[in-house]
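Using the hints, put the two chains back together into the complex; each one sits in its own frame.
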Amino acid sequence: MKIAIMKLGGILITALPLDLIDEDAMEFQGDLLNEINAHDAKGVIIDISALDLVDSFMARIINDSATMAGLLGAEVVVCGMQPQIGTTLIEMGRELLGVETALNLDLAMARILAKVKAEDMEQADDGT
Amino acid sequence: MTKLMTVAELMKEKQAEILEVWLEVIDSETGAGARRTDLLMSKAELRTEAKGLADALTLAFAAEDYTDLAAPQFQPAVLLLREISASRARQGFNPTETASFVMSLKSALLQFMQQEFKGDQQHLNNEMTKMNVIIDRLAMVTFETYAITREEVITEQSRSLLEMSTPVIKLWDGVVLMPLVGVIDTPRSQQIIASLLKGIVDYQAQVAVLDVTGVPMMDTKVAQHLISAVDASRMLGAEVVLTGISADAAQTLVRLSVDLSGMRTSGLLKNGIKEALSIIGMAITSKDRAS
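Same order as they appear, the protein sequences are chains A and B. Take the first sequence: its position 16, counted from the start at 1, is 16 in this note's numbering, and no numbers get skipped. Take the second sequence: its position 15, counted from the start at 1, is 1015 in this note's numbering, and no numbers get skipped.
One chain only, chain B, in its complex shape (with noise of 0.2 Å):
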């Protein structure tokens, strides 16, 4: 009996019709989501990555030790998938879809196997083994990077949130105003302290207007990091106005026994702006009565 090919060998050997058989799969497999990888990308991009990990895995299953990932001949599949798994993160595919294009390759290849082996059953299991526990392991990989990227990805979306949602105005010559809208927690103080103290001193203002309007929930924490902002900018010399205050926020915080009589504070953004421009000695007049 001539010795059998191992799995590494077979898919050396057959690679471009397992490539085939793995392509249709991928697209028999998913059903409604093969639809959905058709939206995301274009059949030939699939068939380049696919091409691409096929090489990778043919090195990898010439491994001696399968079970040690970290060997050099998995080095190539590893980082490979590292790349398809993050690209589809970031694409928007859902996990499902990401982790079957690797597994689907086990289904492909075992009809291939199947094939070959049939006359030793102990050869097909052990090869068979050996292919499961390697396109696993690979397919763990495949989900930490997933799960890893869609992390960045939520990181890098409530960074930009934070940054677009504390902007400082100039209202006037030596006035700013700085709306405040979303949650203030611990993180977002000390970037709205942050940015309000640059706006101060890029707009030499003596007076910021802090308008909470947007601010659903006041409580003693948040009245904390106002008194904060409110004390950093009256160091640099700014006086600050917090306007937006809601009938139910000043319960709140009166009941919470929060101390702001040592703030310039107001209900309306209308009240707060006349002060702030009373402040530097502005005032807005109607037109008639100026004449």
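Bound conformation, chain A alone (with noise of 0.2 Å):
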């Protein structure tokens, strides 16, 4: 099953389902890297608020897609993790995942948007 990947401004927007299996999470990973690339995105938003469940795989999952991200140029922020997704990860020992968080969509866009704004900031400092 293929996941949407959605363009808005510079920054794409996800959600990962429900039922996600592990090759179309593996596959996700490959399609979102493709369109940082093909879109030039400075920032990413991954919805889980459907996942009620995530294993370590999973977590890896996000946490490497996060870093890969990272190597492409582009900010990952997660959002919407159920509560008892958080107590999960902290029971088997996973400390954080190792990315931003927000609570919801609202939140994880105004921090996007912020280490944008802030990184062009830089840029044009640099530039002048």
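Calculated directly from the structure, the hints in this document are not laboratory data. The reader is advised that the hints may include incorrect statements.
Simulated crosslink set (DSSO-like; lysine-lysine; CA at most 30 Å straight-line) [to be verified]: (1) Lys117(A) x Lys42(A); (2) Lys1118(B) x Lys1014(B); (3) Lys115(A) x Lys7(A); (4) Lys42(A) x Lys115(A); (5) Lys1274(B) x Lys117(A); (6) Lys115(A) x Lys1198(B); (7) Lys115(A) x Lys1118(B); (8) Lys1170(B) x Lys1270(B); (9) Lys1014(B) x Lys1170(B); (10) Lys1274(B) x Lys115(A); (11) Lys1014(B) x Lys1051(B); (12) Lys1106(B) x Lys1051(B).
Structure, rendered in structure tokens:
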């Protein structure tokens, strides 16, 4: 099953579906990175509010995707994590997902825009 | 010589009289306990319970193998006793009062048996042994049920205490406060984390203030639980401000080399709230200055 990746301005928005299987997750990772390069995206928001379970594999996929996107120059914010997932990950001893997180899409968007803006400012400074 | 009655037959024949004596014994034997019994339940209730038990016991005494409580003849008595004992444990009877309800039947029955079987010492002995064994076993059932029920009551109470003591309060739009009161152990910390995370998502709070003023003891373990709570909240995308750390707690934590430097902490709840509000871009100002 293909996971939709939407482009809004310079930002990619995507939501992981409830019945996400491991193969789809792997495919999603590749798609996402391709899209980042294709659109020169500065930021990525991954909404995981539909997931009611995140196992260590899924946690790694999300972590890795964020690191990989970072290599391509895009910021990643994960949003909408269910409370029970937080509890499970802590119990599994999997510290933080090594990713920026936000409560909902609104806040994730605000976070990404602030970051992108800050980076643009830096580049502008460098330019002068 | 005519064949003497068994204890079961005696019980059947003179049930009404035995019941009266039994109730009298209950009344006199427990002394202060009996007066308490009066407070906790009416005479009529007691009579109904005793009557039901006497019926069930008549059946139990007729069992051939009186050492086997699993036998079908014992079932009504065992079930009834469990029920009575459980309800007494919940009503607040003490163990002696509960057990003596069954045990007192012994002395009541004994009076009748001595009278009835006085001609045949051997028969009296046999029937008395039987009666003793059965009532003792049933008393054990009573006590076991009493203990189990009390434990259930205690578990229920501690669970309701657990839920009561960890409320999540909406302090402002996007800010929640969770005051922690009492000792934080592992089961409780899991409950705290779960309700904190639920509160964060329910209120869509960007900041949670965790106040530990009411936590009597801070050690490595408690700190570990708090760090877990903060990590879990951050994973959801909320910041946590830890407040209410006492001078003693600060000393203990540093001496135990617990590293809380990654967390936003403050001594007073006041400063914590100030910091929480500043995270969401709000501030409390005086009216004069604003105008």
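Taking the hints in turn, this is what the structure says about them:
no., hint, verdict
1, Lys117(A) x Lys42(A), "10 Å, holds"
2, Lys1118(B) x Lys1014(B), "17 Å, holds"
3, Lys115(A) x Lys7(A), "17 Å, holds"
4, Lys42(A) x Lys115(A), "9 Å, holds"
5, Lys1274(B) x Lys117(A), "27 Å, holds"
6, Lys115(A) x Lys1198(B), "28 Å, holds"
7, Lys115(A) x Lys1118(B), "101 Å, violated"
8, Lys1170(B) x Lys1270(B), "16 Å, holds"
9, Lys1014(B) x Lys1170(B), "69 Å, violated"
10, Lys1274(B) x Lys115(A), "25 Å, holds"
11, Lys1014(B) x Lys1051(B), "12 Å, holds"
12, Lys1106(B) x Lys1051(B), "15 Å, holds"
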